[in-house]
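Engineer: Sequence:
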Amino acid sequence: MGLFNRLKLPEPLTCPNCGVVGSWTAQFRFGAVDLIDYEVGQHLIWEERRGVEGEPGRHRVLAQGVLEGCGHCGMYDFGGSLWEMVVIEIVDDVIVSVVQDTSGEGWWEEDWRVLEE
Numbered sequence: 001m002g003l004f005n006r007l008k009l010p011e012p013l014t015c016p017n018c019g020v021v022g023s024w025t026a027q028f029r030f031g032a033v034d035l036i037d038y039e040v041g042q043h044l045i046w047e048e049r050r051g052v053e054g055e056p057g058r059h060r061v062l063a064q065g066v067l068e069g070c071g072h073c074g075m076y077d078f079g080g081s082l083w084e085m086v087v088i089e090i091v092d093d094v095i096v097s098v099v100q101d102t103s104g105e106g107w108w109e110e111d112w113r114v115l116e117e
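Using the numbering used here, the first residue of the sequence shown is number 1, and each one after it goes up by one.
Everything labelled a hint here was simulated from the structure, so no lab data went into it. Certain hints may be false.
[Stated by the list, open to error] Computed beta-carbon distance windows for the label pairs:
# : residue 1 : residue 2 : range
1 : Glu117    : His72     : 34 to 44 Å
2 : Glu116    : Val20     : 14 to 24 Å
3 : Cys18     : Val66     : 11 to 21 Å
4 : His72     : Gln100    : 16 to 26 Å
5 : Glu117    : Val20     : 41 to 51 Å
Virtual Cβ for every residue (Gly too), placed ideally from N, Cα, C.
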């Protein structure tokens with residue numbers, strides 16, 4: 001995946017391995033990709049540090065991401081018992097939501113899609 005950013009999910013999840021309920025993070029590639037930590041509601045940073053993915057100023061973008069492992073036990077391969085792919089909605093360079101990717105499409109060819117200019 002190369003460099004990426006991290007988005008804290010707004011709701012806790014229960015780890016199917018250890019049973020601990022906690023906060024989870026998803027990795028995604030859009031904006032200045034430099035291991036930047038985000039939360040829903042924050043503006044993306046575009047000043048190039050180590051690299052940039054995408055272009056600023058797009059009205060509506062979807063970025064695909066993947067959950068990191070459990071913060072308690074470290075497990076990340078759940079064999080399908082916990083969803084692991086997410087879709088992050090970005091409107092006018094602000095992260096507005098993150099939801100489970102239920103499209104069934106698997107990994108997209110690009111890490112993000114422009115829906116509206």
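Engineer: Each hint needs a verdict: does it hold in this structure or not?
Structural biologist: Hint by hint, here is what the structure shows:
1. Restraint check, Glu117 to His72: a C-beta distance of roughly 42 Å satisfies the suggested window 34 to 44 Å.
2. Between Glu116 and Val20 the C-beta distance comes to about 39 Å, which lies outside the given range of 14 to 24 Å.
3. Between Cys18 and Val66 the Cβ separation comes to about 20 Å, which falls inside the hinted range of 11 to 21 Å.
4. Against the hinted window of 16 to 26 Å, the Cβ-Cβ separation of His72 and Gln100 comes to about 21 Å, which satisfies the hint.
5. Range check, Glu117 to Val20: about 43 Å between beta-carbon atoms, so the 41 to 51 Å window is met.
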